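Chemist: Going line by line, the protein sequences match chains A and B.
Position one of the first sequence corresponds to residue 1 (the numbering used here), numbered consecutively onward.
Position one of the second sequence corresponds to residue 1 (the numbering used here), numbered consecutively onward.
No lab work stands behind these hints: they were computed from the structure.
Quantities reported herein were computed from a predicted structural model and do not represent experimental measurements.
Positions of the beta carbon are idealized from the N, C-alpha and C atoms, including for glycine.
Treat the hints with caution; some may be incorrect.
In silico DSBU-like pairs for lysine-lysine, Cα to Cα no more than 35 Å straight-line [as the list claims (entries may be wrong)]:
1. A/K53 <-> B/K141
2. A/K92 <-> A/K53
3. A/K234 <-> B/K3
4. B/K41 <-> A/K234
5. B/K68 <-> A/K234
Listed below are several chain B residues computed to face chain A (Cβ distance under 7 Å; list not exhaustive) [stated by the list, open to error]:
6. L12
7. L13
8. K56
9. D57
10. P179
11. I182
12. F209
13. F232
Distance ranges between label pairs, derived from CB positions [stated by the list, open to error]:
14. A/P122 <-> B/S22: 55 to 65 Å
15. A/G16 <-> B/A166: 20 to 30 Å
16. B/K68 <-> A/Y206: 51 to 61 Å
17. A/K65 <-> B/L49: 26 to 36 Å
18. A/E89 <-> B/R199: 41 to 51 Å
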Amino acid sequence: MKLRILFVFVLCFVIGFSIIIQSRATNGQQLYVSSKTITDYQTTIESEIENIKQIEKLIEKTEKKLEEYRALSTDESNELKDRILQEHEMYKAISGNTDVQGEGVVVFIDDGTRELYEGEDPNVVLVHDMDILAVINELNRSGAEVISVNGQRLTNNSSISCSGYTIRINDQFFARPFVIRAIGDSKRMAAALVGPEGYGTVLNDYGIIFRLSIEDDITINKIAEYQTYQYMTKASKEE
Amino acid sequence: MKKISGMVVIGLLALFIGLVISIQITTTQGSDHGGLIPYAKAQGYLEELKQVRTEKDAALQELNELEKRLEKIEAEKANEDFFLANLVSDLEKYKMAAGTVDVKGPGVIITVDDPIPTDEYAGDHSVIMLRYELLLSLVNKLKEAGAEAISINGQRIIVTTEISLAGNNVNINTVPTAPPYIIKAIGSPETIESTLTIRFGIIEQMRNFGLRIQIEQKDEIEIPRFSGILKFRYAKPVKMEE
C-alpha cells in the first residue's frame with residue numbers, strides 16, 4: 001500500500017515537471033530558430049563592425065584635425081581662421097548652399113511614345129516617381145556627389161512624388177520630361193545605368209525614353225532657400 | 001475496490017502522459033521550417049552582437065569627446081573675433097543640414113520585419129530585402145511628410161544615401177543591413193503617421209507583402225550622425241567671377 005502511494009507520488013512529480021518544461025519551451029522562447037534568423041544576426045554583426053570601422057576612420061580624422069587646430073591656435077597668425085573657413089566652404093557645398101560644377105552625367109527621361117499593345121496598361125510607358133527615385137538611387141550607389149532633378153538640387157530632405165500629371169520635387173511642380181544631372185565619377189555612373197542590367201536599359205525596354213550623356217562640365221545650382229528645421233535640434237552629449 | 005481505484009489513477013496518469021507527448025510533438029513540428037538551428041546558437045550570436053555594440057558605443061564616445069575638444073578651440077577663437085564667431089555658427093548650421101550631427105526631436109519609430117515563417121513559406125529568404133524598393137519608397141514618403149532626419153538601423157539617410165541589394169544583403173551607406181528594420185524619423189509624429197497609414201498607402205502596400213509593421217509616435221527620439229566621410233572629389237564650388 002505504502003509502496004503504491006510512493007509510486008503515484010513519483011509519477012505526479014514527473015508529470016508536473018514535464019508540464020513545466022513544456023510551458024517553458026512553448027511560450028518563452030523557441031527551442032529552435034530558422035537558418036534565416038542566424039544569417040540575419042550575422043549580417044547585423046557585420047554591419048556593426050563596418051560601422052565601427054567608419055567611426056574609427058572619423059576618429060582618426062578628427063584627431064588629426066585637433067592636432068592641427070592645437071598647433072594653429074597657439075600662433076598669432078590667421079591660420080586657424082583660414083582652416084575654419086575651409087571647413088565652412090566644404091560643409092556649405094555639401095549641404096547644398098553653394099553652386100558646384102564638375103564632370104558627371106545628364107539623364108533625360110520622358111514618357112514613351114510607342115503604340116500600346118491591346119489591353120496594355122498605359123502606366124507602363126509613363127514615368128513615375130518610383131522610376132526617378134530608382135535612377136537617383138542607382139546614381140548614388142555609383143558614387144554621385146551632387147544631383148539635381150529639373151534644376152532642383154536634391155538635399156537630405158528632398159522628396160519626389162507623383163501628384164496627378166506632375167511630379168513634385170522640393171515642393172515645386174514639374175512635368176515631363178525629366179532631366180537629372182549628377183556630378184561624380186561619370187564613367188561609373190553611366191556604366192551602372194546603361195549596362196545590360198542597368199535601370200536605364202530596363203526603362204528603355206518598357207518603352208520609356210531614357211537617354212544618358214557624359215559631360216565634362218556640369219553646373220548644379222545651390223538650393224533656392226536655406227532650410228530651417230522645426231523639430232530637430234542638436235543632441236548634446238552632456239552627461 | 002482498492003484495485004479499481006488504483007486502475008483509475010494509473011489510467012488517468014497514462015492519459016496525461018499521452019497528452020504531454022502529443023503536445024510535445026506538435027510544438028516541435030510547428031517550428032519545423034527549413035534547417036533548424038538550436039536556439040542556444042542564436043543566443044551566442046546575440047551575445048556577440050551585444051559585445052560589438054558596446055564596442056561601437058565606446059568608439060562613438062571617443063569621437064564625441066574629440067569633437068567637443070575641437071569645438072572648444074573653435075569657441076575660444078570665436079570669442080576673440082566677431083567674424084569667426086559668425087563663421088562658426090554658420091558652420092554649425094551647414095553641418096546640421098549635411099547630416100553630420102547627432103540630432104533629437106519628436107517623431108516616429110517604424111519597425112519592419114519579415115513575415116512569420118509558415119510551413120508553405122520557408123523562411124530562408126527575406127521579403128523586405130528582395131523588395132528593398134519598398135524601403136526606398138518609405139523613405140521618400142517620410143521626407144514628403146516633412147521628416148527632417150531619418151535613419152534606418154542606425155544609418156543616417158542623407159542625400160547621397162543608397163539603398164541597394166548587394167549579394168544577399170541590402171546595403172545602406174555601403175553598410176550591410178538585415179531585418180528587422182528600425183526606421184526612425186524626426187518630424188511631426190501625427191503628420192508622418194497619417195501620411196504613411198493612409199488607405200492604399202505605403203504601409204498597406206508593405207503589409208500586403210506580409211511584412212509585419214509597427215508605428216510608434218514618440219516625444220523624443222535620437223538619430224545618429226552620418227558616420228561615413230563626406231568629401232567632394234568631383235564637384236568643385238563654382239568660382240564667382242568678379
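Chemist: All the hints need checking, so say for each whether the structure fits it.
Modeler: Hint by hint, here is what the structure shows:
1. Of the supplied pair hints, the one linking A/K53 and B/K141 holds, its CA atoms being roughly 31 Å apart against a limit of 35 Å.
2. Restraint check for A/K92 and A/K53: the C-alpha separation of about 26 Å stays at or below 35 Å, so the hint holds.
3. With a C-alpha separation of about 81 Å, the suggested pair A/K234 and B/K3 falls outside the 35 Å cut-off, and the hint is violated.
4. For the hint linking B/K41 to A/K234, the alpha-carbon distance of about 40 Å lies beyond 35 Å, and the restraint is violated.
5. A distance of roughly 13 Å separates the Cα atoms of B/K68 and A/K234; the hinted pair therefore holds under the 35 Å criterion.
6. About 10 Å separates the beta-carbon of B/L12 from the nearest beta-carbon of chain A, more than 7 Å, and the hint is not met.
7. A cut of 7 Å between beta carbons decides the hint on B/L13: the least distance to chain A is about 5 Å, and the hint holds.
8. Annotation: B/K56 was flagged as interfacial toward chain A, and the flag holds, the nearest CB pair being 5 Å apart, inside 7 Å.
9. A hinted interface residue such as B/D57 counts as satisfied when its beta carbon comes closer than 7 Å to some beta carbon of chain A; here the least separation is about 10 Å, so the hint is violated.
10. With its C-beta approaching chain A no nearer than about 6 Å, B/P179 sits inside the 7 Å limit, and its interface hint holds.
11. A cut of 7 Å between beta carbons decides the hint on B/I182: the least distance to chain A is about 11 Å, and the hint is violated.
12. Proximity of B/F209 to chain A is violated relative to the hint, the smallest CB-CB distance being about 15 Å (cut-off 7 Å).
13. At about 5 Å, the closest approach between the beta carbon of B/F232 and any beta carbon in chain A falls short of 7 Å, and the interface hint on this residue holds.
14. For the pair A/P122 and B/S22, the supplied restraint of 55 to 65 Å holds, since their beta-carbon distance comes to about 58 Å.
15. The hint said 20 to 30 Å for the Cβ distance between A/G16 and B/A166, and at roughly 53 Å that hint is violated.
16. Roughly 53 Å separates the CB atoms of B/K68 and A/Y206, a value that falls within the hinted 51 to 61 Å.
17. The beta-carbon spacing between A/K65 and B/L49, approximately 32 Å, falls within the hinted interval of 26 to 36 Å.
18. The hinted range of 41 to 51 Å is satisfied by A/E89 and B/R199, whose Cβ atoms lie roughly 47 Å apart.
The structure fails to meet hints 3, 4, 6, 9, 11, 12 and 15 from the earlier list, while all remaining hints are met.
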